[in-house]
Amino acid sequence: MFQAKIRSDTLKGIVNIISTLVDEAKFNIQPDGMNLKAVDPAHVAMIDLSIKKEAFEEYIADETNIGVDLDKIKDVLKLASSGDIIEMTQDEEKSRLVLKVGNIVRRMNLVDTSSMADPRVPELNLPAYVELAVSEIQKGIKAAESVSDHIALTADGDTFELFSEGDTDSVNLKLEKSQLVEIKTEGKARSLFPLDYFSNLVKAIPSDTTVRINLGNNYPVKIMFNFADGNGQVGYLLAPRIESD
Amino acid sequence: MFQAKIRSDTLKGIVNIISTLVDEAKFNIQPDGMNLKAVDPAHVAMIDLSIKKEAFEEYIADETNIGVDLDKIKDVLKLASSGDIIEMTQDEEKSRLVLKVGNIVRRMNLVDTSSMADPRVPELNLPAYVELAVSEIQKGIKAAESVSDHIALTADGDTFELFSEGDTDSVNLKLEKSQLVEIKTEGKARSLFPLDYFSNLVKAIPSDTTVRINLGNNYPVKIMFNFADGNGQVGYLLAPRIESD
Amino acid sequence: MFQAKIRSDTLKGIVNIISTLVDEAKFNIQPDGMNLKAVDPAHVAMIDLSIKKEAFEEYIADETNIGVDLDKIKDVLKLASSGDIIEMTQDEEKSRLVLKVGNIVRRMNLVDTSSMADPRVPELNLPAYVELAVSEIQKGIKAAESVSDHIALTADGDTFELFSEGDTDSVNLKLEKSQLVEIKTEGKARSLFPLDYFSNLVKAIPSDTTVRINLGNNYPVKIMFNFADGNGQVGYLLAPRIESD
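Residue numbers (the numbering used here), protein chains in the order written: chain U, 993 to 1237; chain Y, 993 to 1237; chain P, 993 to 1237.
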């Protein structure tokens, strides 16, 4: 059983993040909140998202899971104005999800979750830690996209750097301690990543968000941030690209 | 002879409504106003639009008719700001219409109306009557478009309902007496319509308009509304779709 | 050697004008400012643009020239907000241009200018002179585009007129002395021009700009205007189209 009310902005934020990786998602529902773990079809990135009951306006649930087509949720979100409340009810008999926004009721078939196993989130020991406003890197990413399809992240001393190099041009964004919330390094940590994945995620994060980044040498990066006043949490892992040179 | 001045917003409203059905239109012009009757090429819908002389800032006309290409009128409307006055003069010798907006003069060839007979508007006896703000149904239509290509309208008791059903999903919008201006029913009236026609019309109606709807059982729907402070009037008839099941 | 700081809006204005004609441009740099002369690949129009040192926030240069890909400059401009300062430094060793906006550094390969000879700007004796706000003709151009692909400019007495004629429709915009800053004519001057060139230029000029036009009979038109508080100057020559009539 699952029945909840949520602010349309909160739901939109959740869907925007998840849909950078997958079209269909399985939410594991518990009485005190829900969780989602997903990898993209190419197994390059993984998301681990949790939402506490407190992120909802109303939340009543037994242990269950629901599989949803994210585009259908987006359709419903287009009908809602900022501040609108969206009501969600699981119709277990018909295995449907019923969404209400204002006078409008949308009934949607759920996606079969029997073959959607939760990926295992690996434990990683990443030596560098950087905490900063996501807005600081959103502009850098836009610049990088016009020169290359990969991006190197480097944490060294008190400096966090984004660097992209194409055939003729390069872009870099150097952030010093004063532009960061926090930085902790043990020597230099540098890894190269596919720019599209990194960019899609970073652009989907609301610009007033603080993100926490764990970085290693030629190792996955872990990007973490909160939403819904700390009642929601995202962990995002992105695999490195092997540098050819 | 025909010469008139009209507010660009009024003309835009008229063109938007008519161009949901046809690309070229014949206006029957009289000394006290003009009228247009048109059916779409597939004969699914019919429009009957009248504009009194009073809807114009200036209006001088003998009995005549003019055939216009609506896209050309739209071109001219793009040059006008809200509040601008558009001057229209029939140049009978050259069978042209001359439109002036600000310093700009656009001369356009008229469309030959000799083969454009006025359709006969059928008399229909439709038992249910609903009057409501068009804005109430504009959102419901947007929701319906993501699940199906047809829409059922139902008036029953004190309730007016829009329902669309696709293969996996459905959308409905139920409006109670308190959300309607008026509803009169004799039993249940329900008909199914092609969503694109219904949607194109409803979206073209300014959102602060009150519409009057006559509905029957598997019968055409008649949608009526006024514009230009009651000096313009639209009647729109849409043929039902036969339900297969 | 070339090193300069410029307001992003000023640089955007310059790039917008030049890129109506060419994708790559050679700037001739002098200690007191820079100059660019370019013709489009079809040799229909020519631009002669000068920018004084005073148009920059900072400007230090020896005599040199730099060839740039305008799309790359546009990429960087997209990262800047109105009011941002863009820093440009020539890296002579690597024949690169380094652009900084905020924390972001973009390094771009320069275009080889060895084969980019400056076109010779012809001396023309054009009898009519018209000075007016470019906004007066921006609307007329939009109107003309929906009927034809050429435009006739006529200066006669105290009147400046734009006229476009298609197969069925025509558009004209007549500006009287009161709508012009100045007009000087010796008899009638009339020439026909390709509308796309004329339109691209006129739309790229900021709408609060006063333009000066020299016109003849079946002769090129010269359009001149200032930017950057008079510290920048554009002369634009457009070849006439021969009228077939």
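The hints are simulated quantities; they were obtained by calculation from the structure and are not laboratory data. Incorrect hints may appear among the rest.
Which copy is meant is left open, so a pair is good if it fits within one copy or across any two.
[To be verified] List of simulated lysine to any residue pairs, SDA-like, C-alpha gap at most 20 Å: (1) K1086 - Q1130; (2) K1180 - E1079; (3) K1086 - D1159; (4) K1134 - S1087; (5) K1004 - L1071; (6) K1070 - K1195.
Hint check:
no.	hint	in the structure
1	K1086 - Q1130	neither (43 Å within a copy, 29 Å between copies)
2	K1180 - E1079	neither (48 Å within a copy, 29 Å between copies)
3	K1086 - D1159	between (55 Å within a copy, 14 Å between copies)
4	K1134 - S1087	neither (42 Å within a copy, 24 Å between copies)
5	K1004 - L1071	within (12 Å within a copy, 26 Å between copies)
6	K1070 - K1195	both (19 Å within a copy, 16 Å between copies)
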